[in-house]
Amino acid sequence: MLILGIDTATAQVSCAVGGHEGVLASSHSIRARQHAETLTPAIAFTCQQARIELSEVSVVAVDLGPGLFTGLRVGVASAKAMAHALRVPMIGVSSLDLLAFAVRFTPRLIGAVVDARRGEVYHAFYRQVPGGIQRVSGPAVGPPDDVASEVLAGGEDCLLVGDGALRYPEVFDGLHQVEVADAELAYPSASSLVMLAHARALREQWVKPWEIEPLYLRKPDAEIGWITRESS
Amino acid sequence: MRILGIETSCDETAAAVVADAREVLSSVVSSQVDLHARYGGVVPEVASRAHVELLTPVVAQALVEAGLDDGHVDAVGATVGPGLIGALLVGVSAAKALALVWDVPFVAVNHLEAHLYAAFLEEPELELPLVVLMVSGGHTLLVLMEGHGRYRLLGSTLDDAAGEAFDKVARFLGLGYPGGPAIDAEAMAGDPTAIAFPRAMLDDGYDFSFSGLKTSVVNHVRKNPQVSTADVSASFQQAVVDVLVTKARRAAAEYGARGLVLAGGVAANSQLRESMLDACMADGIHPLLPSRSMCTDNAAMVAAAAWWRLSQDGPSPLDTGAQANLRLPVL
Ligand SMILES: [Zn+2]
Numbered sequence: 001m002l003i004l005g006i007d008t009a010t011a012q013v014s015c016a017v018g019g020h021e022g023v024l025a026s027s028h029s030i031r032a033r034q035h036a037e038t039l040t041p042a043i044a045f046t047c048q049q050a051r052i053e054l055s056e057v058s059v060v061a062v063d064l065g066p067g068l069f070t071g072l073r074v075g076v077a078s079a080k081a082m083a084h085a086l087r088v089p090m091i092g093v094s095s096l097d098l099l100a101f102a103v104r105f106t107p108r109l110i111g112a113v114v115d116a117r118r119g120e121v122y123h124a125f126y127r128q129v130p131g132g133i134q135r136v137s138g139p140a141v142g143p144p145d146d147v148a149s150e151v152l153a154g155g156e157d158c159l160l161v162g163d164g165a166l167r168y169p170e171v172f173d174g175l176h177q178v179e180v181a182d183a184e185l186a187y188p189s190a191s192s193l194v195m196l197a198h199a200r201a202l203r204e205q206w207v208k209p210w211e212i213e214p215l216y217l218r219k220p221d222a223e224i225g226w227i228t229r230e231s232s
Numbered sequence: 001m002r003i004l005g006i007e008t009s010c011d012e013t014a015a016a017v018v019a020d021a022r023e024v025l026s027s028v029v030s031s032q033v034d035l036h037a038r039y040g041g042v043v044p045e046v047a048s049r050a051h052v053e054l055l056t057p058v059v060a061q062a063l064v065e066a067g068l069d070d071g072h073v074d075a076v077g078a079t080v081g082p083g084l085i086g087a088l089l090v091g092v093s094a095a096k097a098l099a100l101v102w103d104v105p106f107v108a109v110n111h112l113e114a115h116l117y118a119a120f121l122e123e124p125e126l127e128l129p130l131v132v133l134m135v136s137g138g139h140t141l142l143v144l145m146e147g148h149g150r151y152r153l154l155g156s157t158l159d160d161a162a163g164e165a166f167d168k169v170a171r172f173l174g175l176g177y178p179g180g181p182a183i184d185a186e187a188m189a190g191d192p193t194a195i196a197f198p199r200a201m202l203d204d205g206y207d208f209s210f211s212g213l214k215t216s217v218v219n220h221v222r223k224n225p226q227v228s229t230a231d232v233s234a235s236f237q238q239a240v241v242d243v244l245v246t247k248a249r250r251a252a253a254e255y256g257a258r259g260l261v262l263a264g265g266v267a268a269n270s271q272l273r274e275s276m277l278d279a280c281m282a283d284g285i286h287p288l289l290p291s292r293s294m295c296t297d298n299a300a301m302v303a304a305a306a307w308w309r310l311s312q313d314g315p316s317p318l319d320t321g322a323q324a325n326l327r328l329p330v331l
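Line by line, the protein sequences give chains H and Y. For the first sequence, counting from 1, position 216 maps to 216 in this note's numbering; every step adds exactly one. For the second sequence, counting from 1, position 93 maps to 93 in this note's numbering; every step adds exactly one.
Don't read these hints as lab results, they were simulated from the structure. Keep in mind that the hints are not guaranteed to be accurate.
Stated by the list, open to error - Between beta-carbon pairs, the in silico distance windows are:
1. Y:Asp20 to H:Asp182: 53 to 61 Å
2. H:Arg118 to Y:Glu123: 28 to 36 Å
3. Y:Val33 to H:Arg108: 47 to 55 Å
4. Y:Leu126 to H:Arg33: 38 to 46 Å
5. H:Phe45 to Y:Gly284: 57 to 65 Å
6. H:Arg118 to Y:Glu254: 48 to 56 Å
7. H:Asp182 to Y:Asp70: 41 to 49 Å
Cβ atoms here follow ideal geometry from the backbone N, Cα and C, with glycine treated the same way.
Can you make the complete structure from the sequences, with help from the hints?
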């Protein structure tokens with residue numbers, strides 16, 4: 001069983017392929033270009049590096065967010081189209097789950113924190129369990145102070161991971177029971193996605209492409225788009 | 001050659017399969033108009049979310065209706081601009097993903113060029129050159145089409161698009177959204193000569209301006225609160241139509257056009273269609289008023305334009321993105 005994983009929920013674009021042998025190939029980049037420009041060639045390249053044909057993919061997994069809406073939709077729309085064209089099922093995983101999964105070997109409480117812009121973060125807390133992680137609270141969106149309060153209230157040591165934790169050192173650096181994970185762990189990884197999805201795929205915990213919806217956690221701004229002048 | 005077209009530039013989620021830019025095998029349009037009605041205009045984030053939800057079933061339906069549920073199309077074309085960036089990216093991403101899986105060319109389509117090709121789907125033997133009046137909520141353009149891929153931009157709006165003026169005036173008059181059909185219906189009961197609204201830049205080149213007209217409507221209604229909404233609607237509509245038809249007709253005469261084509265959502269306006277038809281009859285040129293479903297945003301026109309672009313320029317690269325402010329490629 002081969003899984004193609006796609007993640008574009010944050011500033012990073014990444015994809016990976018793998019299965020029971022683990023991750024066969026992966027690619028990730030953080031740059032100013034639009035996610036849509038980067039993702040499709042990255043998928044082609046990653047499959048080539050893994051020496052697989054897209055037609056061999058049996059499940060398409062995608063990061064459902066929360067994250068940056070426009071980028072997130074590029075991945076979800078691409079993944080749904082690929083699963084539809086390949087006639088294979090899909091598995092959606094939250095960006096917060098992916099961040100926490102990457103640091104699952106710590107015995108501490110894990111806080112996944114994704115930058116939500118506008119002075120807010122998306123966050124959820126996890127604990128290590130045999131074979132993975134278990135969410136103990138969230139997901140939610142709010143100011144970084146909410147995360148700090150939750151850690152202080154719990155009174156135990158906590159590892160924070162994600163670009164949202166790195167963005168607010170003034171909030172987190174002074175808390176003595178908090179450690180913030182390095183920048184290399186700041187974005188959800190498509191490799192984690194493939195591994196998590198593989199475990200779920202073995203239990204056939206998948207859905208149809210049209211059942212996949214991004215996890216926004218925020219209502220849309222009701223601002224009207226008078227698109228036009230510039231375009232004509 | 002069968003091309004799957006995808007259109008998500010604004011508030012219609014659409015997919016279609018067209019054979020050789022002539023034969024529409026399927027054309028599915030899922031309008032989000034009800035989603036946006038309560039805001040009185042298109043809300044970009046609402047539109048983008050709806051595209052993600054609707055696109056997969058819309059594409060599936062287009063393939064099934066075309067008898068291609070095995071997915072064997074020869075190319076995939078998608079609108080890459082102009083439009084709402086977040087909305088465009090949904091269609092572009094999905095189209096490139098489908099092209100990659102099916103191992104067929106991806107073709108980037110300019111939405112404005114697609115509107116030009118809508119006319120050819122209904123009349124493949126149209127003779128060139130043509131003058132095209134493209135009027136929608138997003139665009140107001142007067143284009144001379146000299147040949148396939150050969151366009152001259154004669155004029156465009158300096159401020160609001162025609163459809164935008166309809167939406168804003170309808171909102172001010174409390175007629176609801178979308179404004180075009182609402183004003184069209186209200187105007188039926190009104191007198192188009194009741195109020196002499198200004199015809200901006202009527203004799204002045206081929207550019208348009210509608211924001212002053214919108215302001216005149218607002219001022220007139222504030223000064224005359226008892227005025228009939230039907231008369232205001234009819235007089236406003238007549239002012240817009242007069243400017244559009246006068247300029248289109250003058251352009252057709254100046255450039256020796258064989259035909260005059262209406263495109264875009266406002267082309268569904270009954271007063272505009274009638275006046276354009278009368279003008280063409282009087283001037284002895286061929287009128288082309290595509291059906292309402294071809295005027296408004298659809299993916300059949302995208303697939304048709306993709307066929308022409310593919311035969312002219314070949315496939316587009318897979319690192320193509322979306323461009324909110326893409327312009328018509330003019331000479
Ligand atoms: Zn349009």
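Each hint tested on the structure:
Range check, Asp20 of chain Y to Asp182 of chain H: about 56 Å between beta-carbon atoms, so the 53 to 61 Å window is met. Judged by the Cβ atoms, the range 28 to 36 Å given for Arg118 of chain H and Glu123 of chain Y is violated: they are separated by roughly 51 Å. Restraint check, Val33 of chain Y to Arg108 of chain H: a C-beta distance of roughly 51 Å satisfies the suggested window 47 to 55 Å. Between Leu126 of chain Y and Arg33 of chain H the CB atoms are about 39 Å apart, so this pair conforms to the stated range of 38 to 46 Å.
For Phe45 of chain H and Gly284 of chain Y, the hinted distance range of 57 to 65 Å is satisfied, since their beta carbons lie about 58 Å from each other. A hinted range of 48 to 56 Å holds for the C-beta pair Arg118 of chain H and Glu254 of chain Y, which are about 52 Å apart. At roughly 48 Å, the beta-carbon separation of Asp182 of chain H and Asp70 of chain Y lies within the given 41 to 49 Å, and the hint holds.
In this structure, only the earlier hint numbered 2 is contradicted, and the remaining ones agree with it.
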